[in-house]
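Engineer: Following the hints, put chain B in place on chain A, whose structure we already have.
Number of protein chains: 2
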Amino acid sequence: MAQLRVPGPTPCPPEVLQAMAWPMINHRGPEFKKMLFDVTDKLKEIFQTRNDLYILTGSGTGGLEAAVVNVLSPGDKVLSVSIGVFGDRWANIARTFGAEVIPLNVEWGKAADPEAVKDAIKANPGIKAVLVTHNETSTGVTNPLEAISKVVKGAGKLLLVDAISSLSSIDLPVGKWACDVVVTGSQKGWMIPPGLAMVSISAEGWKAFEKATMPRFYWDFGKARSYLERGENPWTPAISVVFALSVALDILLKEGIQSIFDKQKRIGQMTRDGVKALGLSMFADEKYASNTVSAVAASHGLDVSKLRELMQSEYGIVLAGGQQTLGGKIFRIGHLGLVTEQDIKELLAALKDILPKAGFSP
Amino acid sequence: MAQLRVPGPTPCPPEVLQAMAWPMINHRGPEFKKMLFDVTDKLKEIFQTRNDLYILTGSGTGGLEAAVVNVLSPGDKVLSVSIGVFGDRWANIARTFGAEVIPLNVEWGKAADPEAVKDAIKANPGIKAVLVTHNETSTGVTNPLEAISKVVKGAGKLLLVDAISSLSSIDLPVGKWACDVVVTGSQKGWMIPPGLAMVSISAEGWKAFEKATMPRFYWDFGKARSYLERGENPWTPAISVVFALSVALDILLKEGIQSIFDKQKRIGQMTRDGVKALGLSMFADEKYASNTVSAVAASHGLDVSKLRELMQSEYGIVLAGGQQTLGGKIFRIGHLGLVTEQDIKELLAALKDILPKAGFSP
Numbered sequence: 000m001a002q003l004r005v006p007g008p009t010p011c012p013p014e015v016l017q018a019m020a021w022p023m024i025n026h027r028g029p030e031f032k033k034m035l036f037d038v039t040d041k042l043k044e045i046f047q048t049r050n051d052l053y054i055l056t057g058s059g060t061g062g063l064e065a066a067v068v069n070v071l072s073p074g075d076k077v078l079s080v081s082i083g084v085f086g087d088r089w090a091n092i093a094r095t096f097g098a099e100v101i102p103l104n105v106e107w108g109k110a111a112d113p114e115a116v117k118d119a120i121k122a123n124p125g126i127k128a129v130l131v132t133h134n135e136t137s138t139g140v141t142n143p144l145e146a147i148s149k150v151v152k153g154a155g156k157l158l159l160v161d162a163i164s165s166l167s168s169i170d171l172p173v174g175k176w177a178c179d180v181v182v183t184g185s186q187k188g189w190m191i192p193p194g195l196a197m198v199s200i201s202a203e204g205w206k207a208f209e210k211a212t213m214p215r216f217y218w219d220f221g222k223a224r225s226y227l228e229r230g231e232n233p234w235t236p237a238i239s240v241v242f243a244l245s246v247a248l249d250i251l252l253k254e255g256i257q258s259i260f261d262k263q264k265r266i267g268q269m270t271r272d273g274v275k276a277l278g279l280s281m282f283a284d285e286k287y288a289s290n291t292v293s294a295v296a297a298s299h300g301l302d303v304s305k306l307r308e309l310m311q312s313e314y315g316i317v318l319a320g321g322q323q324t325l326g327g328k329i330f331r332i333g334h335l336g337l338v339t340e341q342d343i344k345e346l347l348a349a350l351k352d353i354l355p356k357a358g359f360s361p
Numbered sequence: 000m001a002q003l004r005v006p007g008p009t010p011c012p013p014e015v016l017q018a019m020a021w022p023m024i025n026h027r028g029p030e031f032k033k034m035l036f037d038v039t040d041k042l043k044e045i046f047q048t049r050n051d052l053y054i055l056t057g058s059g060t061g062g063l064e065a066a067v068v069n070v071l072s073p074g075d076k077v078l079s080v081s082i083g084v085f086g087d088r089w090a091n092i093a094r095t096f097g098a099e100v101i102p103l104n105v106e107w108g109k110a111a112d113p114e115a116v117k118d119a120i121k122a123n124p125g126i127k128a129v130l131v132t133h134n135e136t137s138t139g140v141t142n143p144l145e146a147i148s149k150v151v152k153g154a155g156k157l158l159l160v161d162a163i164s165s166l167s168s169i170d171l172p173v174g175k176w177a178c179d180v181v182v183t184g185s186q187k188g189w190m191i192p193p194g195l196a197m198v199s200i201s202a203e204g205w206k207a208f209e210k211a212t213m214p215r216f217y218w219d220f221g222k223a224r225s226y227l228e229r230g231e232n233p234w235t236p237a238i239s240v241v242f243a244l245s246v247a248l249d250i251l252l253k254e255g256i257q258s259i260f261d262k263q264k265r266i267g268q269m270t271r272d273g274v275k276a277l278g279l280s281m282f283a284d285e286k287y288a289s290n291t292v293s294a295v296a297a298s299h300g301l302d303v304s305k306l307r308e309l310m311q312s313e314y315g316i317v318l319a320g321g322q323q324t325l326g327g328k329i330f331r332i333g334h335l336g337l338v339t340e341q342d343i344k345e346l347l348a349a350l351k352d353i354l355p356k357a358g359f360s361p
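In the order they appear, the protein sequences are chains A and B.
Under numbering that gives the first Met the number 0, the first residue of the first sequence is numbered 0, with each subsequent residue one higher.
Under numbering that gives the first Met the number 0, the first residue of the second sequence is numbered 0, with each subsequent residue one higher.
Since the list gives no way to pick one copy over another, a pair counts as held whenever it fits inside one copy or between any two copies.
Below, in silico cross-link-like pairs of lysine to aspartate or glutamate (DMTMM-like), each with a Cα-Cα straight-line distance of 25 Å or less:
no., residue 1, residue 2
1, Lys210, Glu99
2, Lys305, Glu30
3, Lys76, Asp219
4, Lys305, Glu228
5, Lys328, Glu30
6, Lys33, Glu313
7, Lys328, Glu228
8, Lys356, Glu30
9, Lys328, Glu231
10, Lys33, Glu308
11, Lys32, Glu313
12, Lys41, Glu228
13, Lys32, Asp302
14, Lys117, Glu106
15, Lys117, Glu145
16, Lys275, Glu106
17, Lys41, Glu231
18, Lys32, Glu308
19, Lys222, Asp87
20, Lys305, Glu231
No lab work stands behind these hints: they were computed from the structure.
Looking at chain A on its own, in the form it has when it is part of the complex (with noise of 0.2 Å):
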């Protein structure tokens, strides 16, 4: 029963794993072109978007970079709402290419306040896009990106959005909420290897492309627009995980992705429910805890290290820590991509049998 309970890489279906080994081909030929429209088309579906949609070779966060340097000019303000540590690292790319970024930092464990980001984006009027994070891995919590969303297209603005490890897993119609640059991995609720990030650009963030001036060549979307015209990626792609990709995406779509996203809910809420019965408490705020990360507090004498040393030696259970500021502080389970309530039960069940013996006492 080993099970790899990080936030990404999850574990990988057996035929998607298949798919990772099956012989190379030519990158530039006619399978890998058809394959290539394929996926993309079915990407769309799962982004629940009409946006075009590329695929680069890269990890989440060259996808964060791309995003950035795709829309933006050295000199552009742009509002960071950072939640965790993987919207600090946003922040940080877009200070990196020379944007001037207006943070809105909330507490850590909490999700970020719509009318917050509304007051900013009034006392910065010349701001030009906002960055937000869907779901932050690093605190277990899910924005509300919706509500978030009518704000900042209310106010004309472009918005970016990490959605790493919330798309396939969490709902988010990109088309429905008007998000103008979507990036998600492939290591995270699509069951796959990590290798490619997913990214889709609206039209108003095309109107941007064409004005932003940051450097860009690797990551260019004008590039990558130009030969997906003809079914191909502009630099050699991983190709296997485009294989395991175009096998993942027909066991998602067969389950239908509201089927997913309910899952997902009950896999969060069994997950929470079952670790506060053990008398432990989540680090992040209930209303907005994340359906595919849990992050939880490190309570009554709780040795993070030991307990994650002990449910791997012992359980083959490998889970998180916490990141920065929270290392020590919580520990987290990934519960996102091929995970089944059987598998909640019984990490729940290794849990209450390590939690004393890495220094737990309630």
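Structural biologist: Relative to the frame of chain A, chain B by itself:
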């Protein structure tokens, strides 16, 4: 006898493909740490260097972008020694990020002349770095890198090398030839799928890094260095391709790099001799003919599209065409990585059969 004979991706050994299907592990856990250290050490053996070396998730072009943004600043003068499509691409990357590129463009099919490089440096004493392609995939030419290095390093300039389609196949002692930044890509002589770029950086390269101001985040060698100290990548890497690399490196090192270089020489010569025996002629200057990719001129009525189509449909052999202005004028045979003399024999037999059907009448 289906054969992928493009200059990357190359076919992969069965045990490499099996490794691609290994289940996911935590990229910030002890198993991956051990593998990352091990793989990095073995890569240094094949790079023949003790320089720092990093594994980046991206294509070879991503590696070229990384090389530029880590050691250069906007306004820096760089000499671009370009002998084909990939040399031109690298110059474009440098230009995109603000370098002042002084082009030394060599007629396609020919190698760069070290004396011309010397003269160009003399004429432009302010240049900071020289960009050189070791093996130009688009024309099938290998540059005399040792002699070029003497000229560049003799003048005290940084030497940046695109070794994407040479490293592990053609002798390139990175340490001895004092190459400051060297880039290669996984889907070439390494016999593994695309998804990784591997880069080395010298002490002199690090000095330049400290002063370089081009914006860098995803590709930042400084971040790669600090994370590798604890056995991690800064961002989630393409874990499966690292698995594959760990298996492939053992195969390569067991064979021995000198033995591989020798085999590549035999394979290259055999390909050129065989092609000429069929009445075709090589596109490239044979003195500098590449031992990893052969570019063959389309003469005597040969229709390259038809040739490639029939080679694939009738023999399952996939060849590459010409790029940019070479479209329709050459076809290319990739013979690097997993390739045997028997493979080339079969390829030549197939060519002999198909050539007349593709309009070739010498």
